Amino acid sequence: MTAPLYGLVLAGGRSKRMGRDKAAIAIGGSTQLERAIGLISNLVARSFVSVRSDQQGDPLRAPYAQIVDAGDVQGPIAGLRAAQLAHPDVAWLVLAIDLPLLDAATLQNLIARRDPERVATAYKSSHDDLPEPLCAIYEPAAAPAIAAWLAAGRNCPRKFLIQSDTLLLDQPNPQSLDNVNTPAELAAATAPPDTAAANPRELKVQYFALLREQAGRRDEAVVTRAATPRELFTELSARHGFTLGTEHLKVAVNTEFADWSRPLAAGDTVVFIPPVAGG
Amino acid sequence: MSDFRFSHGPIDAVPLRAELIDTHCGGYAAFEGWVRDHNEGQQVTHLEYEAFEALGLREGAKIIAEARERYGVTRALCVHRLGDLDLKEIAVWVGVSAAHRDEAFKACRYIIDEVKHRVPIWKKEHYVSGDSGWVNCERCAAHAHDHAEHGHHHEHG
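Chains as they are written, first to last, in the numbering used here: chain L, 1 to 279; chain E, 1001 to 1157.
Calculated directly from the structure, the hints in this document are not laboratory data.
Please note that a few of the clues may not be correct.
Said to hold, decoys possible - Straight-line distance between alpha carbons at most 27 angstroms, and here's what the computed DSS-like set of lysine-lysine pairs gives: (1) K1106/E x K1116/E; (2) K250/L x K204/L; (3) K204/L x K1062/E; (4) K1106/E x K1062/E; (5) K1062/E x K1124/E; (6) K1088/E x K1116/E; (7) K1106/E x K1088/E; (8) K16/L x K250/L; (9) K250/L x K1088/E; (10) K250/L x K1124/E; (11) K204/L x K159/L; (12) K159/L x K1124/E; (13) K204/L x K1124/E; (14) K16/L x K159/L; (15) K1116/E x K250/L; (16) K1062/E x K1116/E.
All figures in this text were calculated on a predicted structure; none of them were measured in a lab.
Please work from the sequences and hints to get the whole structure.
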């Protein structure tokens, strides 16, 4: 029997890299939280906003039915775990707050193609074909599995989907799940297409240490519109799944330490420098 | 040859020390960093060092020049090992010669401290458990994975 489908909008993040509450950012006249609730509410039996305990009274979040993180779990999986504890017999459509390009068709397709016999139904990332955990349906069978996953000291929802019986779907619109974490990404996502930063040109990128291993290569030629090292890193991080963010890295352009907002020109060689550990 | 170098083979301190000898100098201080068998509670079996050599040579030479300028030492030299290292091998060697011991000690300390923080060199530790990790990188990555990044799917790989 197919379990009822409830919706959970994840609005409990700290938005550190954005520097302001991602839920409150307005795009096209409504906040990202209003937009996410609006997309989900007509498609599910009940919808909830996932919050941290200190966000319950926040005016932006107060109007909605809330599920409060227990506080003992880190990361987005905390919200899902709290929802599963509150309503263990339903399936949860989990949605990140920061998907400004998400459209109704993408959600409708996910629900239409949901397989309740599997543990989860999710989209493949258009960057690396791995599951997208934060626009996905978790069946009731995922509740004990996630409890066991957390008990084993793991908390990455993407890895959970990789090792679970997950139905993986292709996205109807490949950009629909591109997320936005920094002001630069927000500007890029909401800018009209004709203001693109630069014409595509070829840059060379070299990788070292952890980034080399994660990229699976020592160097590559990249044809990109990225105007600055910061934009280039965002693009390459999406492609290669880097675990380090720009706050942990330095950057060098043509064998000189450089600023993250330095303009890039055709032929430049860019190196992202992970935390060093000589001696 | 530059006063900051990388070595892909074992470091021999004897000829390096010989390069610092100068009739003007009454003091010589050296520091050797060795590969030890433990770090942060893990038992280490061996190490790998990797560098962005072109930038590392420039930054390293800058550090040596700063040390000379600040402390007025006569000669200074630093060699950092790259590649696979076994326990007890020399990972980094710093030597300074000066008219008097005080500036030699200070310059030596300055060079090793700055090299550790500024030169693009990375260390991968291999543990008895079979695990391995890039020092100073894995914990940052784990940290970026916490509640702060609620909703960032690219970091969940």
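We went through each hint and held it up to the structure:
1. K1106/E x K1116/E: Cα-Cα ~16 angstroms, so holds.
2. K250/L x K204/L: Holds. K250/L to K204/L sits at ~17 angstroms (cutoff 27 angstroms).
3. K204/L x K1062/E: holds (26 angstroms)
4. K1106/E x K1062/E: OK: K1106/E and K1062/E at ~17 angstroms, within 27 angstroms.
5. K1062/E x K1124/E: holds (25 angstroms)
6. K1088/E x K1116/E: Holds - the C-alpha atoms of K1116/E and K1088/E are around 19 angstroms apart, at most 27 angstroms.
7. K1106/E x K1088/E: At roughly 25 angstroms apart (the allowed maximum being 27 angstroms), K1088/E and K1106/E satisfy the hint.
8. K16/L x K250/L: The hint holds at about 19 angstroms.
9. K250/L x K1088/E: violated (31 angstroms)
10. K250/L x K1124/E: Roughly 19 angstroms separates the two Cα atoms, so the pair holds.
11. K204/L x K159/L: violated (31 angstroms)
12. K159/L x K1124/E: Holds, at about 24 angstroms.
13. K204/L x K1124/E: holds (25 angstroms)
14. K16/L x K159/L: With a Cα-Cα distance of about 23 angstroms, the restraint between K16/L and K159/L holds, given a limit of 27 angstroms.
15. K1116/E x K250/L: holds (15 angstroms)
16. K1062/E x K1116/E: holds (14 angstroms)
Checked against the numbered hints above, the structure breaks hints 9, 11 and satisfies the rest.
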